[in-house]
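Chemist: One-letter residues, chain by chain:
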Amino acid sequence: MDVSALDEASLAGSAVDIGETMQAIAEHKGCGTSGGTGNASCGSQAGQGDLPTEIWEKVKNHPCYSEEAHHHYARMHVAVAPACNIQCNYCNRKYDCANESRPGVVSEKLTPEQAAKKVLAVASTIPQMTVLGIAGPGDPLANPEKTFKTFELVAKAAPDIKLCLSTNGLMLPDHVDTIARFKIDHVTITINMVQPEIGAKIYPWIFYNHKRYTGLEAAKILNDRQLQGLEMLTERGILCKINSVMIPGINDQHLVEVNKAVKSRGAFLHNIMPLIAAPEHGTVLGLNGQRAPTAQELKALQDLCEGETNMMRHCRQCRADAVGLLGEDRSAEFTTEKIMAMDVKYDLKMRKAYQAKVEEERVAKVAAEQEELAELGNEMSGVKLLVAVATKGSGLINEHFGHAKEFQVYELSTTGAKFVGHRRVDHYCRGGYGEEESLATIIRAINDCHAAFVAKIGGCPKSNLLKAGIEPVDQYAHEFIEKSAIAWFKSYLVKVQSGEIQHVERGEAAIRQGALISAA
Amino acid sequence: MPFKIIASQCSGCSACELECPNVAISEKGGTFVIDPKKCTECIGHFDEPQCVAVCPVDNTCVVDTSLPRYQARA
Chain A
1 MDVSALDEAS
11 LAGSAVDIGE
21 TMQAIAEHKG
31 CGTSGGTGNA
41 SCGSQAGQGD
51 LPTEIWEKVK
61 NHPCYSEEAH
71 HHYARMHVAV
81 APACNIQCNY
91 CNRKYDCANE
101 SRPGVVSEKL
111 TPEQAAKKVL
121 AVASTIPQMT
131 VLGIAGPGDP
141 LANPEKTFKT
151 FELVAKAAPD
161 IKLCLSTNGL
171 MLPDHVDTIA
181 RFKIDHVTIT
191 INMVQPEIGA
201 KIYPWIFYNH
211 KRYTGLEAAK
221 ILNDRQLQGL
231 EMLTERGILC
241 KINSVMIPGI
251 NDQHLVEVNK
261 AVKSRGAFLH
271 NIMPLIAAPE
281 HGTVLGLNGQ
291 RAPTAQELKA
301 LQDLCEGETN
311 MMRHCRQCRA
321 DAVGLLGEDR
331 SAEFTTEKIM
341 AMDVKYDLKM
351 RKAYQAKVEE
361 ERVAKVAAEQ
371 EELAELGNEM
381 SGVKLLVAVA
391 TKGSGLINEH
401 FGHAKEFQVY
411 ELSTTGAKFV
421 GHRRVDHYCR
431 GGYGEEESLA
441 TIIRAINDCH
451 AAFVAKIGGC
461 PKSNLLKAGI
471 EPVDQYAHEF
481 IEKSAIAWFK
491 SYLVKVQSGE
501 IQHVERGEAA
511 IRQGALISAA
Chain B
521 MPFKIIASQC
531 SGCSACELEC
541 PNVAISEKGG
551 TFVIDPKKCT
561 ECIGHFDEPQ
571 CVAVCPVDNT
581 CVVDTSLPRY
591 QARA
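Those protein sequences? They're chains A and B, same order as listed. First residue of the first sequence: 1, per the numbering used here; consecutive thereafter. First residue of the second sequence: 521, per the numbering used here; consecutive thereafter.
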């Protein structure tokens with residue numbers, strides 16, 4: 001592997017940074033454990049809050065590591081790592097469909113050279129794209145040569161882009177030093193269990209040291225390597241996110257133990273994701289009829305673990321070739337054929353200027369929220385409810401109900417508006433075809449919400465939402481999400497107090513399982 | 521000799537290519553093929569054929585019964 005591109009000076013510089021960052025992480029550990037809802041300001045949730053500046057600098061424009069950043073900044077994955085070294089019962093590598101949005105699935109594999117060209121093409125077209133991740137479609141560390149070659153090429157051509165990788169952890173301990181040398185300062189490890197008995201139900205086998213292991217032995221080796229890798233990374237000041245797939249009846253309750261195990265080893269963020277399993281995916285769990293968690297079950301588990309560590313709730317479980325903001329996928333614009341034909345000029349100045357504008361927007365958004373929140377300060381109420389928001393990004397209510405491919409969900413209380421998740425839907429407006437059915441699907445997806453904030457909504461869906469007990473709100477079109485939600489919540493409380501309306505709890509909501517219908 | 525890959529089942533993931541000690545595996549039209557002249561069934565290298573052990577799709581790397589086994593070649 002050629003690492004000569006990294007000169008001595010920068011290596012020496014990074015060693016100093018790492019020392020400082022380690023200290024910062026050590027001091028930061030325990031964030032959120034001390035006080036009640038204080039965690040809302042911590043880590044992935046809102047702005048810098050109580051994060052040390054060194055860590056905030058690392059995460060502030062990483063859409064996966066900062067919830068607030070994900071409204072503004074985009075990421076991309078390049079599919080240079082097709083081989084995998086373990087088998088998971090929720091994964092089927094053979095199935096590949098352009099409409100399928102889940103990890104492990106891609107439309108085309110890339111060589112490191114093609115990947116580097118793609119990164120430059122996307123960076124020039126989408127100046128808010130700040131992060132390059134390698135997440136498969138297999139395991140990046142089962143393809144170390146292609147993975148690190150890609151990072152090397154990108155670091156040379158586009159040094160401002162953050163590098164990030166996502167692994168099952170089996171080979172992680174062997175590559176930690178290389179990861180540190182390449183200045184990859186965000187690593188995600190998928191850890192679904194810390195008990196081999198549970199692992200054996202999730203992983204039928206692993207391939208390690210030239211041998212296939214099965215059952216308890218496989219799960220034990222995998223977990224030992226994952227936790228060892230996590231410890232080695234956090235010792236070096238590399239931020240670690242832990243992904244866990246929530247599988248009802250198999251590891252759902254156990255994920256609380258996983259949360260404790262990874263927190264004690266210095267994990268920065270824990271991302272508990274709902275299982276994606278349908279028979280048509282051809283996965284073992286899908287074929288066995290394993291159900292996914294409901295939106296309520298997922299949120300309850302995330303809430304339970306939140307006292308222990310920062311929780312990621314904005315993950316879209318994206319493909320290994322995804323491009324764009326987390327809620328969108330623009331990969332179709334950047335097929336190999338298209339990028340090879342592009343004449344790409346990497347304009348760092350233009351990117352910086354654009355990002356400076358984004359930063360102004362972020363500051364304005366937070367200020368507006370604070371202002372609105374200050375007025376709410378005197379209100380005393382135990383009412384806590386969810387609202388759904390249609391947005392295209394930038395933290396604004398700027399999407400029409402009929403065009404929304406997802407709704408973002410905020411929990412409102414007198415402490416403010418907190419992002420707690422998102423619900424994927426097929427957009428309703430498809431020129432009159434199948435609208436009744438898709439409207440029912442949308443209502444099922446946001447059935448736990450009291451209101452839906454949209455830029456615009458037609459008369460028919462409006463009356464259907466009202467019938468379902470969800471208030472359509474379009475009076476805050478193109479305004480900031482949090483500020484508007486808090487303002488609406490204030491007037492809601494006034495109506496409840498005056499007896500004009502009665503506050504009632506909402507029902508369950510479903511997590512969308514099927515293929516994402518591309519809007520393209 | 522050897523193992524062969526059933527092309528209709530191959531996901532094209534390249535895991536076998538990376539593990540083969542004989543560099544007998546290469547890509548051909550999106551899936552992978554084993555060069556029967558180079559395949560030693562991993563005898564002398566490992567306890568189990570690496571392509572079989574690492575392949576994510578069961579029964580995709582299989583013994584090619586149309587050819588004599590590697591041991592019989594000498």
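Simulated from the structure, these hints should not be mistaken for lab results. Each hint should be verified, as a subset may be incorrect.
List time: in silico DMTMM-like cross-link candidates among lysine to aspartate or glutamate, alpha-carbon distance up to 20 angstroms [what the hints assert, rightly or not]:
(1) Lys-211(A) to Glu-547(B)
(2) Lys-548(B) to Asp-347(A)
(3) Lys-211(A) to Asp-567(B)
(4) Lys-149(A) to Glu-568(B)
(5) Lys-211(A) to Glu-561(B)
(6) Lys-384(A) to Glu-297(A)
(7) Lys-162(A) to Glu-297(A)
(8) Lys-211(A) to Glu-568(B)
(9) Lys-201(A) to Glu-568(B)
Since the structure is predicted, the reported quantities are computational estimates derived from the model, not experimental observations.
Chemist: Just to be careful, I want the Cα atoms of Lys-548(B) and Asp-347(A) compared with a cutoff of 20 angstroms; is the pair within it?
Modeler: violated, 38 angstroms
Chemist: Given the hint that Lys-162(A) pairs with Glu-297(A), test it: the Cα-Cα distance must not exceed 20 angstroms.
Modeler: violated, 34 angstroms
Chemist: Given the hint that Lys-201(A) pairs with Glu-568(B), test it: the Cα-Cα distance must not exceed 20 angstroms.
Modeler: Cα-Cα ~24 angstroms, so violated.
Chemist: Tell me if the straight-line CA distance from Lys-211(A) to Glu-568(B) falls inside 20 angstroms.
Modeler: holds, 7 angstroms
Chemist: Between the alpha carbons of Lys-211(A) and Glu-547(B), is the straight-line distance 20 angstroms or under?
Modeler: violated, 23 angstroms
Chemist: Given the hinted pair Lys-149(A) and Glu-568(B), is their Cα-Cα distance within 20 angstroms?
Modeler: violated, 30 angstroms
Chemist: Quick one, are Lys-384(A) and Glu-297(A) close enough, alpha carbons at most 20 angstroms?
Modeler: holds, 17 angstroms
Chemist: Is Lys-211(A) close enough to Glu-561(B), meaning Cα to Cα at most 20 angstroms?
Modeler: holds, 14 angstroms
Chemist: For the pair supplied as a hint, Lys-211(A) and Asp-567(B), is the alpha-carbon distance within the 20 angstroms limit?
Modeler: Holds, at about 8 angstroms.
Taken one by one, the earlier hints fail for this structure at numbers 1, 2, 4, 7 and 9, listed in ascending order.
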